[in-house]
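Visitor: Once you have looked at the hints, place chains Z, L, V, X and A with the ligands on chain U.
Protein chains in written order, with the working numbering: chain U, 25 to 477; chain Z, 25 to 477; chain L, 25 to 477; chain V, 10 to 121; chain X, 10 to 121; chain A, 10 to 121.
Hints in this document: simulated from the structure, not taken from any laboratory. Honestly, I wouldn't trust all of these hints.
To be clear about the criterion: a stretch of chain U counts as covered by chain L if any three or more of its residues have a C-beta under 8 Å from a C-beta of chain L, and this derived list gives those stretches [as the list claims (entries may be wrong)]:
#, stretch
1, 127-134
2, 150-163
3, 189-203
4, 340-353
Quick list of in silico lysine-lysine cross-link-like pairs, BS3-like style, CA-CA up to 25 Å [unchecked claim]:
#, chain 1, residue 1, chain 2, residue 2
5, X, K12, Z, K245
6, V, K12, V, K81
7, U, K251, X, K49
This structure is a prediction, so every number in the text was calculated from the model and none was measured. Every residue, glycine too, gets a C-beta built ideally from N, C-alpha and C.
So the chains spell out like this:
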Amino acid sequence: MRLRSVKVYLAVLLGLVLATAPAFGQAASTPKVDSGDNSWMLVSSALVLMMSGPGLALFYGGLVRKKNVLGTFMQTFAMMAVITVLWAVVMYSLAFGHGNAFIGGFNHVFLKGVSLTPNPTYAATIPEQTFMVYQLMFAIITPALITGAFAERMKFSAMLVFSVLWALFIYSPMAHMVWGEGGLLNAALGGKFPCLDFAGGTVVHVTSGVSALVTAIYLGKRIGFPKEPMPPHSVVLSFIGACLLWVGWFGFNAGSALASGTLATSAFVATHFGAAAAALGWLAAEWFRNGKPSALGGISGAVAGLVAITPAAGFVTPMSALAIGAIAGVFCFYMVVKVKNIFGYDDSLDAFGVHGAGGTLGAILTGIFANSSINPLLGAGKATGFFEGNHTQVLNQAIGVGLAWGISIVGTLILLFIVDKLIGLRVSPEDEAIGLDLSQHGEEGYHAEASAH
Amino acid sequence: MRLRSVKVYLAVLLGLVLATAPAFGQAASTPKVDSGDNSWMLVSSALVLMMSGPGLALFYGGLVRKKNVLGTFMQTFAMMAVITVLWAVVMYSLAFGHGNAFIGGFNHVFLKGVSLTPNPTYAATIPEQTFMVYQLMFAIITPALITGAFAERMKFSAMLVFSVLWALFIYSPMAHMVWGEGGLLNAALGGKFPCLDFAGGTVVHVTSGVSALVTAIYLGKRIGFPKEPMPPHSVVLSFIGACLLWVGWFGFNAGSALASGTLATSAFVATHFGAAAAALGWLAAEWFRNGKPSALGGISGAVAGLVAITPAAGFVTPMSALAIGAIAGVFCFYMVVKVKNIFGYDDSLDAFGVHGAGGTLGAILTGIFANSSINPLLGAGKATGFFEGNHTQVLNQAIGVGLAWGISIVGTLILLFIVDKLIGLRVSPEDEAIGLDLSQHGEEGYHAEASAH
Amino acid sequence: MRLRSVKVYLAVLLGLVLATAPAFGQAASTPKVDSGDNSWMLVSSALVLMMSGPGLALFYGGLVRKKNVLGTFMQTFAMMAVITVLWAVVMYSLAFGHGNAFIGGFNHVFLKGVSLTPNPTYAATIPEQTFMVYQLMFAIITPALITGAFAERMKFSAMLVFSVLWALFIYSPMAHMVWGEGGLLNAALGGKFPCLDFAGGTVVHVTSGVSALVTAIYLGKRIGFPKEPMPPHSVVLSFIGACLLWVGWFGFNAGSALASGTLATSAFVATHFGAAAAALGWLAAEWFRNGKPSALGGISGAVAGLVAITPAAGFVTPMSALAIGAIAGVFCFYMVVKVKNIFGYDDSLDAFGVHGAGGTLGAILTGIFANSSINPLLGAGKATGFFEGNHTQVLNQAIGVGLAWGISIVGTLILLFIVDKLIGLRVSPEDEAIGLDLSQHGEEGYHAEASAH
Amino acid sequence: MLKIEAVIQPGKLDAVKDALVEIGVQGMTILEARGHGRQKGHTEFYRGREYSVDLLPKIKIETVVADDIAEKAINAIIAAAQTGKIGDGKIFVSRVDEVIRIRNEERGEIAI
Amino acid sequence: MLKIEAVIQPGKLDAVKDALVEIGVQGMTILEARGHGRQKGHTEFYRGREYSVDLLPKIKIETVVADDIAEKAINAIIAAAQTGKIGDGKIFVSRVDEVIRIRNEERGEIAI
Amino acid sequence: MLKIEAVIQPGKLDAVKDALVEIGVQGMTILEARGHGRQKGHTEFYRGREYSVDLLPKIKIETVVADDIAEKAINAIIAAAQTGKIGDGKIFVSRVDEVIRIRNEERGEIAI
Ligand SMILES: Nc1ncnc2c1ncn2[C@@H]1O[C@H](COP(=O)(O)OP(=O)(O)O)[C@@H](O)[C@H]1O
Ligand SMILES: Nc1ncnc2c1ncn2[C@@H]1O[C@H](COP(=O)(O)OP(=O)(O)O)[C@@H](O)[C@H]1O
Ligand SMILES: Nc1ncnc2c1ncn2[C@@H]1O[C@H](COP(=O)(O)OP(=O)(O)O)[C@@H](O)[C@H]1O
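Bound conformation, chain U alone:
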């Protein structure tokens, strides 16, 4: 959808240009790289990688106990390495190649035909390889998000195998359905159920968050949970990580305009506003409930807001972004603080509470707040969201989210079962006790012994 939105947008822009610069006429037929757009998209790609490492790695790594800090880092870092190769080999083709409504094909395996000229289907002013590497960064962070749910107890080998399978069988089709040419939910390129998902609320956050819930339940609780206290070993690290996530998210959301025009600006503003309002929302709820607003609460709220604004970023006004953020901050607070405790599952770092819940909420709110003045994706001036008068869009959003939930639950269960049978998912109780750093990686995060001065 963001693809179509961009195209529509560019068409409008081009119209303006053509009116004043007829010499550019032919440019429309031969797609040409725009140095400004490409500059922005390269930066955005770098920013989204920075969200994974060090951003998410630190955010999660600070929340675990000291003995698991490197193991937690590695679960994200390994994605940066493994998914990259997988993407080049086959995943890009499965997500964005020619296929059917559900999945792409094999025409781009080994990046065959993915050239340095623009592919106007997806982005008319940047090299297709820019588009490819930008999308790759999304494919990296999505499985990394899941790892928050099974923190401190999964085998590194099992995590690798599971993530590879998950990327192939859950991420690829979801990305294709929502963003791929002819995808079932693609609002821009002829999908049956046009679902608005600007930067991956459904593709990234709902899938990873729901899969996270499933893995948390399947693997069971950490030994000692919830009796033993397991406070974050360093909210300091998490704070650094969260701030880098916020900064990187500009690449994630504003980069999803696939150009550096006004749509990027709009998404940038919405992103920042959503994060800020959600941080306030969570802090306020916490202050009200616990008597004190915490730093961990502030950053959790910001992340929740960033998640919720992700699908909406290119569709809503700044003021709507504030509203979405505030709602998401309070909502995710109660998901994490209340709902989790009621059900008692050990979603260790709240991957579901933040990404699953926030992503679902954001997708629905997108259907409510989306506005054609920001993004005439459904046609200039045509009502887009609920408040604008398009009451069916919420339904389409629900269909998209529902599909994502369904695929994530069923798919994740099957994959977990397979990996569990093959090599076992959980580390031994002894290994869990000494921690992932030593048991899985043979090293420690900090060496006090080294302080021998």
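Guide: Coordinates of chains Z, L, V, X and A with the ligands only, in the frame set by chain U:
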């Protein structure tokens, strides 16, 4: 002023373009977004946010005692959330709306009329929303800078209320006077006392630094100061923060060109040169005085240089930038090391010694070193700074700085008084003893207990 | 070479443009700043600075013992300050001024004549000052890389003097030979032995890595090495640093296109792919050999891959980048794990094992994998690398590398000898025992005493 | 008065503390320690170097109690800290001559 | 010879150290500790979870002194560390049989 | 049984540990400490402030041994930790009344 400078600049550029590409003629009348400029300004906005979080938060957070690390983080982080909402509601309008010589109006409340097309008064080639969000990042970091002065002893609630009032009643008018249309000190848009302030030496650093001094004195010393040793709990964190400040400052200064043309390059180079020379200056002074150059000295010097070069960045040659940096490094060293000790106030993290003193120095030096060959803001070829022959500019600079000092002192005193009466500024002695992390936020930065491997 | 490649590239692009937009005809003769290119190059400059601080500083700082963390930071940070001034005074002129095949001249001392208009010899679409400051960032990180070899035992003063001399007498001529107009090895601007080095494999990594080896041997081992265990005091810091290096390296490599066109995209993709494959390679080798893949291994592999892909980035296909990365990951693992132990030198942080070895390997592999379809530097359609049929290129690469080895060994030895005689290289055994932080800088990285809550 | 020093597995701190409090031993001081004993350590690899780490994280609890309560305290600690595996730790008991409460300068058993 | 172990508030370390040095007790060893006693802890919240933390940061000072100086040392510690509030800490005194200075193998009181 | 407490230079930990293990003393507990003594500290500067730091990093080793092996252990520690310079540290020896192995509740010398 940076606005006018940009406009002049763009006019020159446009002239060049027009000479060769007549087809572009009409573009001048309908402002059009330039993808390259917008790309740079979005990046700059992200960089300036990164200066606050994690940059400044880490820089300050490392300098306090362990028990206050999260509380210190939160004082900056809260600005990222609160000022954003405030900005959207009314502050942008007060700073950049239509008003008089002292303050803007209410025409842009709730961002009414702040669209995605350029506002040529301020920036002709980027969407006004880009300009708006970029300026917001400045409004966030400015009150955050003050928090260094009252570190380790102010109530979180009082800090919030004070910062909101300060942003409204001190930052907004100062920003309007220097950068707003028709502002009293605006050198580009018809101010009475044209004062050169490229990226906020006066608006950001003088106001925050002087207000910091006032709060430090008003609140009084930390319990135990200066007898009890209070070394930084982690120069490591401060180092990371300072480096990120340096990197982010490119967005702050070079971004203030509001385009990615040659003026941005010039400001970028001056920024880097100023920081480097100031780091050397501080290190040399320290080596000379204490016998050893320290890492904390190096990073403090770099920050001092960045502060001092801020007003000058778009007006001076690279070699002048080196000079300004070197002077600032040595000057701020003596402010922090000698002057503070003579007067004995507890400006805990030297917000005044670095930002107040460095900003004031930089503003004056700008009047001395500014050169029309870099920025023909006062007219092409017309003497701009003292060395070029414009001896009155130093006076104008002094007027701008003096006004900023006056407003900051009086305004801050009033606001402190009000907040103190309303809810009290300082935490109780017990809370100060156990630290802000536990007393204000109910959490700890690091959990040794968690190291149970 | 990257210069020529860019120019050729731009020529092609321009051709396309000219065909459709004749009004642009004259632009070719008067070089004009492209806002998109300049935006990208300013960002790239910032990214490369971020590689030094905080990137490299953290990567190295985490690997040493706690008592040396700030001393290690300072060795990189000092370069950010000192080399900047040196560059402005004379180094830029020596590297890129008019000179002979071996070194530039003095025509640009104090940046005389380095203006804000493009210098088409080097980069036709960005201000020469952008080019100047971008190249400066390379000159900063190169001597900083060496410091990994003599970590934990060199005097700060000696390090400063040595680095200044090294920058002047080794870096400047190497940069000139490979990238300067008329340089001996410059493939783009008339070199005798055209050597492909897109972003500094030879100029940056081979020179620093080989010099590192020499200093490690000349200074001798750390006291206690190898008997005493000296594990990294914080793999956490190193992890953050390595991730920032990865992100920053996009500026290093893709920025070396000196524009934001398709060549930048190509280099960006190659960079990312090289890093990912090398991380996998190292992890696999480690898993195979030690039974466990480590976080330190993963990040070391990524850095090794980034080093190896540096000379190749703008010349190879994505698939070749994967191959180069994988080879480099395994190769550097064995260099660090086996070869170092066989010879027994104390290259404390493996500056040689990663940068020297990886850089040399990368330079050779560039000659093998370079492809004219990516970069028609040697003429459109003319065979470029070995696999394409140009069998002599490997020889040219070897000549370039050989020259870099020779100059680095001989030059470094001479400089070390001089500095040793002048002021002594090593700290006293007592100072080594208490650590660089206290002995050289009079401060400590972490203050447990401060935790008095 | 007797000083009981118990070196235990880090994960058992909470349980031991609660067990002591339950039998009325309120006062105790906890130290982070590393232990060497029969429990075998592990091997770590950093780049090319291999470290066999034989100092394992432990918690040391010190509590001074009246003579008559000592045996009860020891049993409480054992009950809470025992897993039956090597590395469970040890308890050392020694005599203390005097105890003073700093707050009010009380001395002897009343100050415990 | 007697070993004096004092558990004090972290903020009092400097004062106690200076007080001891003043009366001629140069040698001492300091450990970071956490204490459980009458002083009540606090509650921390992390996401949904609530932790009541009842181990508070303390400093433990150990100094071995000659018998005749012990009382003076104890009083010095009390004077410097006392605030009169709960949590001020405790002093434990016990007998030490032998002291050896590693540097020159001196033994007994002369080695203190 | 005797408790040997040795305060040593941090760099000597490995050597002392190995020396003890060699003579058959397996069990020991290590604590990070800071020491004050004759060894002079150093001065640190942070911005304008000067700190004279007179607490230096030390390692404290505690090991409980049977009476007959104590002297051997002391000598092993001295041999491994001595450099002859001020700051080498001290050894304190005191009596322990009881040792209990938590794992199997063994008591006395057999539990050491
Ligand atoms: N003789 C001793 N003196 C001091 N500490 C000891 C002694 N023996 C054991 N310890 C401590 O007790 C811990 C557990 O001892 P270990 O021999 O590993 O297991 P177990 O107590 O089950 O036999 C050690 O890590 C060490 O900290
Ligand atoms: N019986 C004891 N054994 C060991 N340490 C103790 C004992 N009683 C108290 N402490 C230490 O002294 C500290 C202060 O004790 P607390 O009961 O809180 O206050 P007060 O000493 O003023 O009564 C505790 O935190 C603990 O570290
Ligand atoms: N009386 C004492 N009680 C406790 N610890 C002591 C005592 N004397 C010395 N120490 C410890 O031994 C360390 C070394 O002592 P110091 O006087 O510096 O050197 P030396 O032992 O060579 O005379 C001190 O830092 C301190 O930790």
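Visitor: Indicate, hint by hint, whether the structure satisfies it.
Guide: Hint-by-hint comparison with the structure:
| no. | hint | verdict |
| --- | --- | --- |
| 1 | 127-134 | violated (count 1) |
| 2 | 150-163 | holds (count 7) |
| 3 | 189-203 | violated (count 0) |
| 4 | 340-353 | violated (count 0) |
| 5 | K12(X) <-> K245(Z) | violated, 38 Å |
| 6 | K12(V) <-> K81(V) | holds, 13 Å |
| 7 | K251(U) <-> K49(X) | holds, 21 Å |
In this structure, the hints that do not hold are numbers 1, 3, 4 and 5, in rising order.
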